[in-house]
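So the sequences go chain by chain: A and B.
280 is the number that the working numbering gives the last residue of the first sequence; the numbers go up by one with no jumps.
247 is the number that the working numbering gives the last residue of the second sequence; the numbers go up by one with no jumps.
Some hints here could point you the wrong way.
Mimicking DSSO-like on lysine-lysine, the simulated pairs with C-alpha atoms at most 30 Å apart in a straight line are [unchecked claim]:
no.: 1; chain 1: A; residue 1: Lys270; chain 2: A; residue 2: Lys97
no.: 2; chain 1: B; residue 1: Lys243; chain 2: A; residue 2: Lys60
no.: 3; chain 1: B; residue 1: Lys178; chain 2: B; residue 2: Lys92
no.: 4; chain 1: A; residue 1: Lys31; chain 2: A; residue 2: Lys60
no.: 5; chain 1: A; residue 1: Lys97; chain 2: B; residue 2: Lys232
no.: 6; chain 1: A; residue 1: Lys185; chain 2: B; residue 2: Lys92
no.: 7; chain 1: B; residue 1: Lys243; chain 2: B; residue 2: Lys232
no.: 8; chain 1: A; residue 1: Lys187; chain 2: B; residue 2: Lys243
no.: 9; chain 1: A; residue 1: Lys60; chain 2: A; residue 2: Lys236
no.: 10; chain 1: B; residue 1: Lys172; chain 2: B; residue 2: Lys92
no.: 11; chain 1: A; residue 1: Lys187; chain 2: A; residue 2: Lys270
no.: 12; chain 1: A; residue 1: Lys190; chain 2: B; residue 2: Lys92
no.: 13; chain 1: A; residue 1: Lys97; chain 2: B; residue 2: Lys172
no.: 14; chain 1: A; residue 1: Lys236; chain 2: A; residue 2: Lys203
no.: 15; chain 1: B; residue 1: Lys243; chain 2: B; residue 2: Lys178
no.: 16; chain 1: A; residue 1: Lys185; chain 2: A; residue 2: Lys236
no.: 17; chain 1: A; residue 1: Lys203; chain 2: A; residue 2: Lys60
no.: 18; chain 1: A; residue 1: Lys97; chain 2: A; residue 2: Lys31
no.: 19; chain 1: B; residue 1: Lys243; chain 2: A; residue 2: Lys31
no.: 20; chain 1: A; residue 1: Lys97; chain 2: A; residue 2: Lys60
no.: 21; chain 1: A; residue 1: Lys190; chain 2: B; residue 2: Lys172
no.: 22; chain 1: A; residue 1: Lys270; chain 2: A; residue 2: Lys185
no.: 23; chain 1: A; residue 1: Lys97; chain 2: A; residue 2: Lys190
no.: 24; chain 1: A; residue 1: Lys185; chain 2: A; residue 2: Lys203
The hints are simulated quantities; they were obtained by calculation from the structure and are not laboratory data.
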Amino acid sequence: MIPCNFEYYMPESPEEAVETFLQLTREGKNPMYYGGGTEIISMARVSNITPGAVVDIKGIPECNFLGLRDNQLIIGAALPLTAISESQVFPLLGKAGGRVADHTIQRKITLGGNLAGTIIYRETSLPLLVCDSQAVIAGPHGIRQVPFSEIFQQRLYLQPAELLLQIIIDRSYLNLPYVHVKKVKQDKIDYPLLTLVAIVKDQRIRLAFSGLLAYPFRSLTVEEALNDPHLTVKERIDRAVTGLPAPPLHDILGSAGYREFVLRDTLKNTLSTLEGYY
Amino acid sequence: MIRQMKGPGPIQLAVNGESRTVVVRPADTLLYALREQLGLTGAKPGCENGDCGACTVLVDGWPVKSCLMLAVEAVGHQVTTVEGLKNAPIQKAFIEEFGFQCGYCTSGFIMTCHGLATIHPEADEVVIEEWLQSNLCRCTSYQEIKNAITSVLASSKLPAP
Ligand SMILES: Cc1cc2nc3c(=O)[nH]c(=O)nc-3n(C[C@H](O)[C@H](O)[C@H](O)COP(=O)(O)OP(=O)(O)OC[C@H]3O[C@@H](n4cnc5c(N)ncnc54)[C@H](O)[C@@H]3O)c2cc1C
Ligand code: FES
Ligand code: FES
């Protein structure tokens, strides 16, 4: 049972959504955009958040679009993760979304919610970071398109009242050789101890990680090290580990030392799986 | 036209093939509406956090954890609870395979399995495990539950007599 009361709005266009959000803000109702609602409901139930209104974006056609247009894949931010994985249009994103929470919840968690949520893992950001994707954002000043890596630095940075509408990925990235590995503490359904996504583009490996640090990231320093043809595999991995932007997380899922051990092993397997492509 | 709900009031839900009126707050979950308003107690409150799956119902044929869905979100969708299944093959299979002990998780598991049998009747072992991992059973009837869904899928693959 959610103890607080909130109002519910379901607009049918990006303009209506932003206008509604602004109006509710002016009325002091502390509105939130509502995607799948899984995080909002879980957090409101324990009074971690108390929105006065939610603006459900699932009625906006742009947010529900999935398909190719002009050699670009467009993915609406309100699409549930299952819709992306079942469509098989972008296997790597399907795999990443297919390991978030469990299969039933993947039908409710939206791509936008996973990217914009406060839970630190945001695993669907990894394919988007390595594939030079673009983000389409609606806000008080209209609609803008920006490189995803520009607005997603550790977390999604949106201006007040802004809403993530769509993600765009160039078709040339959709079927590149890839590796997706999610390591959890035990069993299969859990937050990641380490999730690694790697693709090979123009004979170079690109990688992004979740669960290793307190935020998802892609590191060019790590990529430099792993792509250096003059080093042995062990030297590449040593240099990649030294080049991490921060020391590994040390928490209930695993110690920093254990995470480093898992990272080294996963990098070794990744290099071997992708051998011949880079 | 924007749809909105500002406070407690009546909404129409399509539940088990019937149109039903429930009076809810916008912040009430589907689980609450089904149990407290309609007396459909087959969907169980467990963790109310998306972890256990005891509250699973079908929405437009897909399993959904009703503790993580607002009642107002279900407007315009077809909701099926375990009470709406009438002698579905998975119900018989649970009895034949001894798929439960205390029974608290059973309705949730049955809805997940029924959704799988309907959406992916060709599901292989990997897909079966992926779907079943959404539900927890404290009495650990996992193997029997897997046997039940496997038998239903196997019989649906048999050529019609
Ligand atoms: C049981 C459970 C297990 C989980 N396991 C994992 C896991 O293994 N890995 C992982 O990465 N994550 C995991 N998560 C986190 C989950 O992906 C996030 O909580 C995500 O926010 C939920 O998506 P949603 O669509 O339900 O978001 P909502 O609850 O609707 O929204 C979450 C936040 O995002 C904002 N938001 C939503 N959509 C948009 C948009 N289009 N534009 C701008 N802001 C928006 C909302 O305002 C809100 O602040 C788990 C969550 C649960 C409940
Ligand atoms: S009560 Fe809904 S998942 Fe546990
Ligand atoms: S039979 Fe008791 S919880 Fe599953």
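Right, here's what the structure says about each hint:
1. A:Lys270 <-> A:Lys97: At roughly 20 Å apart (the allowed maximum being 30 Å), Lys97 (chain A) and Lys270 (chain A) satisfy the hint.
2. B:Lys243 <-> A:Lys60: violated (36 Å)
3. B:Lys178 <-> B:Lys92: This hinted pair is violated, its Cα atoms lying about 44 Å apart.
4. A:Lys31 <-> A:Lys60: holds (21 Å)
5. A:Lys97 <-> B:Lys232: With a Cα-Cα distance of about 24 Å, the restraint between Lys97 (chain A) and Lys232 (chain B) holds, given a limit of 30 Å.
6. A:Lys185 <-> B:Lys92: Outside the cut-off at roughly 43 Å; violated.
7. B:Lys243 <-> B:Lys232: holds (17 Å)
8. A:Lys187 <-> B:Lys243: violated (37 Å)
9. A:Lys60 <-> A:Lys236: violated (48 Å)
10. B:Lys172 <-> B:Lys92: Given pair Lys172 (chain B), Lys92 (chain B) is violated - Cα atoms ~37 Å apart, limit 30 Å.
11. A:Lys187 <-> A:Lys270: holds (20 Å)
12. A:Lys190 <-> B:Lys92: violated (40 Å)
13. A:Lys97 <-> B:Lys172: Violated - the C-alpha atoms of Lys172 (chain B) and Lys97 (chain A) are around 35 Å apart, more than 30 Å.
14. A:Lys236 <-> A:Lys203: holds (22 Å)
15. B:Lys243 <-> B:Lys178: holds (17 Å)
16. A:Lys185 <-> A:Lys236: Holds, because 21 Å separates the two Cα atoms, which is no more than 30 Å.
17. A:Lys203 <-> A:Lys60: violated (34 Å)
18. A:Lys97 <-> A:Lys31: violated (38 Å)
19. B:Lys243 <-> A:Lys31: With a Cα-Cα distance of about 54 Å, the restraint between Lys243 (chain B) and Lys31 (chain A) is violated, given a limit of 30 Å.
20. A:Lys97 <-> A:Lys60: holds (23 Å)
21. A:Lys190 <-> B:Lys172: violated (33 Å)
22. A:Lys270 <-> A:Lys185: holds (14 Å)
23. A:Lys97 <-> A:Lys190: holds (14 Å)
24. A:Lys185 <-> A:Lys203: holds (24 Å)
In the structure shown, a violation is registered for the earlier hints numbered 2, 3, 6, 8, 9, 10, 12, 13, 17, 18, 19, 21, in ascending order.
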